[in-house]
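Asks: Taking the hints into account, I'd like the entire structure generated from these sequences.
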Amino acid sequence: MTNLFGGGPWTRILHPYIGVVMGAFFVIMACRFAKLNIVEPRDIEWLKNVNKMIDGDDHDMPEQGKYNGGQKLLFWGLVIGMLLIVITGFLMWRAWWTLPVNVVRAASVVHAIAAVWMIGLIIMHVYAAIWTRGTIRAMLYGTVTRAWAKQHHRGWYRKMTGDND
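So for the sequence shown, the UniProt record's numbering puts the first residue at 1; every next one is plus one.
Calculated from the structure, these hints are not laboratory results.
Among the hints, erroneous ones may be present.
[Claimed, not checked] Label-pair ranges, simulated between beta-carbon atoms:
| no. | residue 1 | residue 2 | range |
| --- | --- | --- | --- |
| 1 | ASN3 | TRP117 | 21 to 27 angstroms |
| 2 | GLN151 | SER108 | 44 to 50 angstroms |
| 3 | ASN164 | GLU40 | 16 to 22 angstroms |
| 4 | TRP131 | ARG12 | 34 to 40 angstroms |
| 5 | ALA147 | SER108 | 44 to 50 angstroms |
| 6 | ARG94 | TRP117 | 20 to 26 angstroms |
[Stated by the list, open to error] Straight line, CA to CA, 20 angstroms or less: simulated DMTMM-like cross-link-like pairs of lysine to aspartate or glutamate:
| no. | residue 1 | residue 2 |
| --- | --- | --- |
| 7 | LYS150 | ASP60 |
| 8 | LYS35 | GLU63 |
| 9 | LYS150 | GLU45 |
| 10 | LYS150 | ASP57 |
| 11 | LYS150 | GLU63 |
| 12 | LYS48 | ASP60 |
| 13 | LYS35 | ASP55 |
| 14 | LYS52 | GLU63 |
| 15 | LYS48 | GLU63 |
| 16 | LYS66 | ASP163 |
| 17 | LYS66 | GLU45 |
| 18 | LYS48 | ASP58 |
| 19 | LYS150 | ASP58 |
| 20 | LYS159 | GLU63 |
| 21 | LYS159 | GLU40 |
| 22 | LYS66 | GLU40 |
Ideal placement from N, C-alpha and C gives every residue a C-beta, glycine not left out.
Replies: Dropping the structure here:
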């Protein structure tokens, strides 16, 4: 990525500004989807039974809304990670203020850990999408088939279609 930005100095100059833009867009997205990602008792039940789904027996999973328990954990994990990245990024941004070196060092470590955390969550998300047949379509095109929605997100399917069978 350093070559993309014209070398190390430019990468160091641009990184904080790109981070501010990324943080702002993340806040917009998080606000947009927060209400849909509130963890409910059925999500806890889904998470308790996730091994069944991993084994391919997802027919008895608790009914889910638009997002299942795993997707909601991913959402909140990314929100926490981004909060840590934004807070520590500002602490490290010495162009605007000066903090004790120990604070900057601690912020640097937490910043890196939060970035690795978020990258790991995204990798896990992609892997889970590949694992669950029919999900790649949702990630690429933003649509799913009626049958897929009915099987994996029955509560959301009922809400969208009015089908109560």
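Asks: Is it true that the CA of LYS159 sits at most 20 angstroms from the CA of GLU40?
Replies: Measuring from Cα to Cα gives roughly 17 angstroms; hence the hint holds.
Asks: Between the alpha carbons of LYS150 and ASP60, is the straight-line distance 20 angstroms or under?
Replies: 13 angstroms, holds
Asks: Hint check: LYS150 vs ASP57, CA-CA at most 20 angstroms. Holds or violated?
Replies: 15 angstroms, holds
Asks: What's the verdict on LYS159 and GLU63, does the C-alpha distance respect the 20 angstroms limit or exceed it?
Replies: 12 angstroms, holds
Asks: So if I understand the rule, the pair passes when the alpha-carbon distance is 20 angstroms or less; does LYS150 with ASP58 pass?
Replies: 12 angstroms, holds
Asks: Below or equal to 20 angstroms on CA atoms is what counts here, so check LYS66 against ASP163.
Replies: 15 angstroms, holds
Asks: Does the alpha-carbon distance linking LYS35 and ASP55 stay inside the 20 angstroms limit?
Replies: 30 angstroms, violated
Asks: CA of LYS35 to CA of GLU63, is that 20 angstroms or under?
Replies: Roughly 18 angstroms between the alpha carbons, so the hint for LYS35 and GLU63 holds.
Asks: Between ASN3 and TRP117, does the beta-carbon spacing fit 21 to 27 angstroms?
Replies: 26 angstroms, holds
Asks: With a cut-off of 20 angstroms on the C-alpha distance, tell me whether LYS48 and ASP60 pass.
Replies: With a Cα-Cα distance of about 12 angstroms, the restraint between LYS48 and ASP60 holds, given a limit of 20 angstroms.
Asks: Just tell me: holds or violated, for the beta carbon distance of ALA147 and SER108 against 44 to 50 angstroms?
Replies: 49 angstroms, holds
Asks: Between the alpha carbons of LYS52 and GLU63, is the straight-line distance 20 angstroms or under?
Replies: 14 angstroms, holds
Violated hint for the displayed structure: number 13, the only one.
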